[in-house]
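A.B. asks: If you want the building blocks of each chain, they are given just below.
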Amino acid sequence: MLTPLTPAEQRDIVAATLPRRGPLSKLCDLLLRRRRKPRIYLSGLVTARVMNPDGSVAVPWYTYPNGAVYVGLNKMQDVMFRNQAAHTTWYMGLIRNTGFTGENINDTMVTHAGWVEEVQYTAGVRPAWSPSAAALGVLSIASPISLTASATIDVKGVFATSDNAKSGTAGTLFATATEGTARNVLSGATYEFFYSVVLTPSN
Amino acid sequence: MKSPLLVTGVFGMIYCDPSGAVEWRRDIDNGATIVGCDRMLRRMFLGASPDAGSGWKIGIIAGSGFSSVAPGDTHGSHPGWTEFSGYSGGVRKNWSPFAATGGVMSGIGTQFDITSAGTVRGLLTASKAVIDLDPLAILWSTAVAISNLTVASGGVLHVTYTTRIRNP
Chain A
11 MLTPLTPAEQ RDIVAATLPR RGPLSKLCDL LLRRRRKPRI YLSGLVTARV
61 MNPDGSVAVP WYTYPNGAVY VGLNKMQDVM FRNQAAHTTW YMGLIRNTGF
111 TGENINDTMV THAGWVEEVQ YTAGVRPAWS PSAAALGVLS IASPISLTAS
161 ATIDVKGVFA TSDNAKSGTA GTLFATATEG TARNVLSGAT YEFFYSVVLT
211 PSN
Chain B
1058 MKSPLLVTGV FGMIYCDPSG AVEWRRDIDN GATIVGCDRM LRRMFLGASP
1108 DAGSGWKIGI IAGSGFSSVA PGDTHGSHPG WTEFSGYSGG VRKNWSPFAA
1158 TGGVMSGIGT QFDITSAGTV RGLLTASKAV IDLDPLAILW STAVAISNLT
1208 VASGGVLHVT YTTRIRNP
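Residue numbers (this note's numbering), protein chains in the order written: chain A, 11 to 213; chain B, 1058 to 1225.
The following block holds chain B by itself, in its conformation from the complex (with noise of 0.2 Å):
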């Protein structure tokens, strides 16, 4: 494959109601910050230390206050997000990938048990599990859908993620 490839990201999101029916379902594409390509780079190429020593983390942002996602967002500066803490648990969910085959990776899902009605926006990568603005953890991706999306409070929201790296 010629340069350049595609480094592509897709959430797959299935939020059921308190009920346990589906209420709604996206796959919403991610955009990585220039902080974590610089990460990428320097870990792959330079040996540099592992960002997520425990693995990276799922988060949710939050539908309310959102304007966009940017390039430029860091873990510690994100003006046009905040973040949706309304789950069981507190802290962000655990991506356990399996082994990248064919440029492509990706992990069993993992679950937000809905504690707190609101509305999301969209999810991020983060190198660490706690919900605040660290700015020395790392803010890999982001990924939002087109309009808010409604959640109550005793709703789940299944949420599986994928990478891949592949032509255009």
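Just chain A, same shape as in the assembly (with noise of 0.2 Å):
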């Protein structure tokens, strides 16, 4: 049986989807006497597995990436060298694949033309996500996130924002992630995702 990927093992994946710089680039460097730019790359993975009813499994862990908007973007910026407020807690919502068009970077919680919220789950507010510390430039969580769908469903992916209420325009929009087939999840089965997001700096 498959298990799910550790935080390590989800960093590790983050860092082979970056760039990298070929001889030739680094040729070209040492000929124009050109100092390497140093990069700094932020990512998020979703990795999500769908259980059935009776507790087998009936899609096994997958990944794909998130995709974040401005909104979000311009939060993390300003929290970290503004100074503005913070959101203590964020929470995850699932979004519909009946309906869905695509994300937009300019997405927010009130605007998000391309998609809804899938809402048909049996909790009653958006789960929390709660990373432990960042380490290494890695924000992530120890267990998964479980939804039980109150009706057969189709998940699209899944969205951060930092209010809890379904169906809610509050709170900030942080990313969103979906994937290019939706996930069919039926009545009293449940939806698992890990959400991680790492900063990985390289001078």
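Errors might be hidden in some of the hints.
[As the list claims (entries may be wrong)] Below, a list of computed lysine to any residue pairs in the SDA-like style, where the Cα atoms sit at most 20 Å apart:
no., chain 1, residue 1, chain 2, residue 2
1, B, Lys1059, A, Thr182
2, A, Lys47, B, Leu1103
3, A, Lys47, B, Val1216
4, A, Lys176, A, Gln94
Treat the hints as calculated values from the structure; they're not laboratory data.
Join the two chains into one complex using the hints; note that each chain is given alone, in its own frame.
C.D. replies: Structure representation (structure tokens):
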């Protein structure tokens, strides 16, 4: 049976997606006496699976990246560099497949024309995302978030926001993450997922 | 924008000699430190207290003795470089950015009035003004030029700093 990815494994996956410089690029730097530009990469990764109502695995663990939005990125810089108020807790919501046309960098909690929230799960509010303190640029959770469908649904992805009210428009949207194929979750089945954010420096 | 995103920081440096003439200018990209990245994540997602209660500060990396900057550098330990302190005031300068928009954050420039001749290699952002090796302070970023740059007493180094999160 497949086991969920550990935070370290998730970090490795993110690292594998980062652009790499080839020998030609390095040679050009040497010939031009050019110093290689330092890089800092911000990545988000969802690792999810679907469990049947009887506890068996319907869809084993798989991963997909998130896409950030401007309001989230602006918030990140305002909080870090301008001492603006930070959100102490972040929450995760589901994105419904029906009606999905796309994510947009300008999406906010008030306006996201390309998708709607999937709220047909038993929990009354969006689940909290409660990561451990960041270490080595990784912020992750030790146990997956588990949502039990209250009707048969197709999950396109997830999103991270600062407010927990289902269908609510308050709060700051940080990121959305969707995959090419929606996952069918039967009524009574669960959609389980980890979410990690990785900030990787490279001088 | 799909992951991974690129977090960039660019320092603009214009150095005017004592006569007021522009002697050199450089734009240098910063690299972050691991502790700086951790603090950014903790601040953003865990609501940790601000590291720079009075705002982030910009300091100067000395050319003399410079060998390298590294992601593992901290405010308390950075074996590859020392800090240049030959400017008036004796403390790092304020960076006062405006609210971020479109993933970009910039602020008004600051200036260093040079009081001691020497060489500079780059710049840094730190959470405190005092130039020391306080292990509790946070070093967010360092940026260095490809070679040392000469400054003279009476000269002025003008600095701007802009951060941005974007597609690679």
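A.B. asks: Taking the hints in turn, state whether each one holds.
C.D. replies: Verification of the hints:
no.: 1; hint: B/Lys1059 to A/Thr182; verdict: holds, 18 Å
no.: 2; hint: A/Lys47 to B/Leu1103; verdict: violated, 30 Å
no.: 3; hint: A/Lys47 to B/Val1216; verdict: holds, 19 Å
no.: 4; hint: A/Lys176 to A/Gln94; verdict: violated, 26 Å
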